[in-house]
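*Asks:* Chains as they are written, first to last, in our numbering: chain A, 3 to 94; chain B, 175 to 290; chain C, 14 to 588; chain D, 51 to 190.
Among the hints, a few may not be true.
Which chain A residues face chain B? A few, computed with CB under 10 Å, are given here [claimed, not checked]:
hint	residue
1	3
2	7
3	12
4	19
5	23
6	31
7	50
8	54
9	62
10	67
11	81
Please keep in mind that the hints were generated in silico from the structure rather than gathered at the bench. The C-beta atom is built at its ideal place from N, Cα and C for all residues, glycine as well.
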Amino acid sequence: MKRAVEIAAAAVVAVFLILALAGDHPTESPIREYIVAHGVDDTGAVNLVASIYLGYRAFDTLGETIVLLIAVSGVMFLVKRSKPPADRDGDL
Amino acid sequence: MSWYLIAAIFVVGIWGVIAIPNLIKKVIALSVANSAIIVFFVYYGSLSGRTAPILSPDAPAGVPPVDPLPQALMLTAIVVGVCITALALALIYRLYKRYGTLDARTIERAVWELDE
Amino acid sequence: MNSVALLVVLPFVGSLMGLAGKLARAPRFFSIAAVLPLVPMAGLLAMSLPAVRAGSVISYAMGGWPEPIGIVLHLDGLAWLSSVLIVVIAVAVCVASFCRTGYGSSFFFFLMILISGMQMVVLTGDIFTLFVSFEIVALAAYVLIAYDQTDAGLLASLKYLILSTVGILFFLFGVFLIYRDFGTLSLATIRTLASERGGPADGLTVTRSIHFAVAALCVGIGVRTAFIPFHTWLPEAHAYAPHPVSAILSGVVIKVSFLAMIRIVWTLSAGYLNELLLWIGAITSILAVIWALAQSDTKRLLAYHSISQMGYVLAAIGAATATSLTAGFSHAVNHALFKSLLFLVAGTAIRMTGERDLFRAPAIGRHSPILAAAFLVGALSISGIPPFNGFASKQLVGTALGGSPAYLLLRITAVGTMASFIKVSRIVVPVFRLSPRRVATPASIDPLVTGAVAPAGTLILFPAIFLALLCLLSGLFAPSLAAFYSDLLAPAALRQGSPVAIAVAQPGGLASLYKSAKLIETAIVIVAGWLLYRLVLTPPGKRIAGSIKRIAPELRTVLLYFVVGLGLFALFAYV
Amino acid sequence: MRHKTDILDVAARKLAPYMFVFGLYLVTYGDLSPGGGFQGGVVIASGIILLAIAKSVDAVEELIPLRRFAVAETTTFGLLLAVGIGGIVAGAGFLADFIGRGAIGPLPAARFVYALNILIGAKVAAGASLICMHLFGEER
């Protein structure tokens, strides 16, 4: 019974994906054409991935480094301290 | 066809998160599903060209490069996925140290009965 | 104009101060330095008010790259309002956090990161940046929820992590579908492309996979917004987080993600989701209030009320009538104000008495009458008693919903809210201690008698009084505030292609705020609430409450709920 | 590590420097060839992690104190923000290229991308190895 529910859930996800992926889709993208044409001139990076990653979408990259920073300090915070903080609330 | 293969990876990941009680395996399943999403993007990007998106002077002329945008986006997504995994492992580690088990059901029963 | 970028950058600088405090071992100084950027942020927002109110959008291209290529931040009325809300609640929460010595500068690091992440969510006009900012908010929230390192906190955090990561994977899938069809990630460009492709008659006739994309995006954000059936992480996460964190999580985090969802629904003009949102909202509000009524843990009860009140917001937005946007927003703002207030005071009460169970906790009213009064203001606001702000926005929601059958559910919810706040007010005022459970606390160990109640600290009084005053003022000036909100929101809604004529401001609907019919209705709600409260305390009522309380879905069930919700949204997308 | 052999020890010691060099290569040539700050940083971090697994976290800590990693992580974040704000100060906008471009030659032409690559490489290397060493370090 439990298995059946789980398989049903997976089936819902599968049907969702199949229906969502079906159909024809255009492959032309104005952004791609712009980047291929102007990427090197705009940012100077021959590697277009780098020119997007650190040029056009550098703000995403900043956000990503912040996510990394939170993860690092979160892991340090959670794993290092084995004894509970000194000032505990009485609550659970 | 490839779309459906990638979709299968995603479904396996989601199924694993739901069905496997072991917390570490749940996190692995999350990573699997995350990888499926990454492959979706990169595969779609690869459909539109033939060469790497590096426009150095010695690159073959006339061959369109693949779409670089999904690749750049997925770099970010990969980092985010790694960070989530790390944080999840740290949390699981703390719970494991306290309860001596990785079974989600056992831990949940123990924790929520604490405050009954 | 740099002000928009600074709104995001300043909290980052603050968080850097928090980190520096960790390394430099001078936590007190750096903690204060960490929260100081909130002051210039408030100034920047005040400065940009005239332009925003005139209906213009202040845009800022990150790195100077224009819209479809780069990332552009937009400060419109919607973003301005939510940004102000974030800053106001953040100030109150930061002051309250200083009141306890246990929070080092790393706490403020995570708090400021959370704030900057929320600023990114409200300002960004790019769906992939939206994903990144959601993850910033989420990771900071995971750590903050587990900050006290209790077992319950750790597990609540892990539960939230797994559920919302599954959600965000679907969100990314939605981003993928949109990129595949439109070849762009900027919401404004998507909007123009979509309206070019389809006739504007029924909104848009985009491909079916875009409908699925909307479903996937909504499901991903739905986990953050915590409406049924994605609500399951919230009670634990908000209840076992440190008290100031609960205040900010309940106050703004869930609303900010909801804003992002409305933006996406508007942009892709998924008007067909309105009906679903309306009913999900109504059902969420009533089910959550039943759950709340059954709780005996103070913070859990408040957490369930957050879900319930988000139901009101959802229903109002879903109703898609002339006043609905203003109604939903003013309720969201008001809820942020009074729920933060309630969480802060309840947290202080728990800290003072060391007891989470509201039946066993002694009332703090005699020790700190100001806090008790502030709590009562919050309780009166949330139960919709005039002249506090909850009354005004609930009446507005009523106007927005009109004669819809969903409004009936919301009326019943109002009764439940009343009852549960009579119940929870016993942590501050001993007047309501009529329960037979009172004998469970003999006078000999009653902390009130033995003096085991810790002092509240004076610093907590400032945010409490501040928020209570805001609750009162926004209630008294509700009509003009509502007009102000609709001034701000209408252009933003129209620009993003909201499918219905939400733009019409209707202060007339508010002029009749204090009509006798409404006051009588409120009186009926009060009486019914009191009766319900008495009913819950009878033995059969307690038995039912106990069995409802024991329904605590475990992780597997939670994920199955998630899949059910996914199916629901997909069904609406498909039909 | 309970069952440690000399092979593991020697292999790790010989391999790690090459991984560092390769990582540095990926970081510094990220704007010209496949690679970049993140990828190179991860390779450097995996070199450190290899040392930590094959020898011990303590051995790595003797080499470089963990605290220094944390300082590096914070400093690079501060520098990234400073670069972003520098764009505002220079009038080009947050995170805009305000350094300008050099000619193609021995020095990198895309100076801005190059600088960001190095910052992100350092940050990722420090961050990823910190995460892993904290998770290993508890074994003691």
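*Asks:* Of the numbered hints stated earlier in the document, which are not met by this structure?
*Replies:* Hint check: 1 fails alone, others pass.
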